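Chemist: One letter stands for each residue in the lines below.
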Amino acid sequence: NAGVTQTPKFQVLKTGQSMTLQCAQDMNHEYMSWYRQDPGMGLRLIHYSVGAGITDQGEVPNGYNVSRSTTEDFPLRLLSAAPSQTSVYFCATARQENTEAFFGQGTRLTVV
Amino acid sequence: GDSVTQMEGPVTLSEEAFLTINCTYTATGYPSLFWYVQYPGEGLQLLLKATKADDKGSNKGFEATYRKETTSFHLEKGSVQVSDSAVYFCALRGAGGTSYGKLTFGQGTILTVHP
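Chain order of the listed sequences is E and W. Numbering-wise, this note's numbering comes out as the position in the first sequence, counting from 1, plus 263. Numbering-wise, this note's numbering comes out as the position in the second sequence, counting from 1, plus 2.
Every clue listed holds true.
Calculated pairs, SDA-like style, for lysine to any residue (alpha carbon to alpha carbon, straight line, at most 25 angstroms):
id	chain 1	residue 1	chain 2	residue 2
1	W	K51	E	R307
2	W	K51	E	G266
3	W	K104	E	R331
4	E	K277	E	V323
5	W	K58	W	T28
6	W	K104	E	V313
7	E	K272	E	R340
Hints are computed from structural coordinates only; laboratory data are not their basis. Since the model is a prediction, treat every value here as computed from it, not as a measurement.
Please model the complete structure; the sequences and the hints are all you need to start from.
Modeler: Laid out in structure tokens, this is it:
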């Protein structure tokens, strides 16, 4: 049972490049979310989804897009990377919106 | 909106010392409270939780009590081990309005335990 799988684990981008961070879960959880972790700021919510076909913005959504075409996958897209998006990104899932969250191992992204 | 404030770190202790990491929160209604732990190179893992006032969450020797009157959820452990070295996050899950179901995290506290 893999749980929550994030790929890649590490990525270096040049300013202006685009990329997609992948998140896949095999727990049949309805709720999925993306966070970014920055030093001294804890984790901040970027986007979330309460089920397939439904997404909404979190605290820091600018510069990121998401979609949820299946229950299992919740990719995070950076259309034009900026140095301010250098961070560690975590995907988290939960059975429902108000239940325990399970986290992936993170993607460390550097934008130069 | 909801917010969580943790004591400033990092915290450095000797093995078998007593640990306290303070956490206070601001939220409407009755949020659920959590402590997550992040070991080097890994994602966050739930350490313990409490869902209502006066509940005590406990796991692996760690404890925290949901104090509604002081809006606090301090983490304690009587005797830390080297293996407890990690980053600890206090978090709440919103109970109402636009915060419902959303996790809000504190800044994180880095704990280092020396032999």
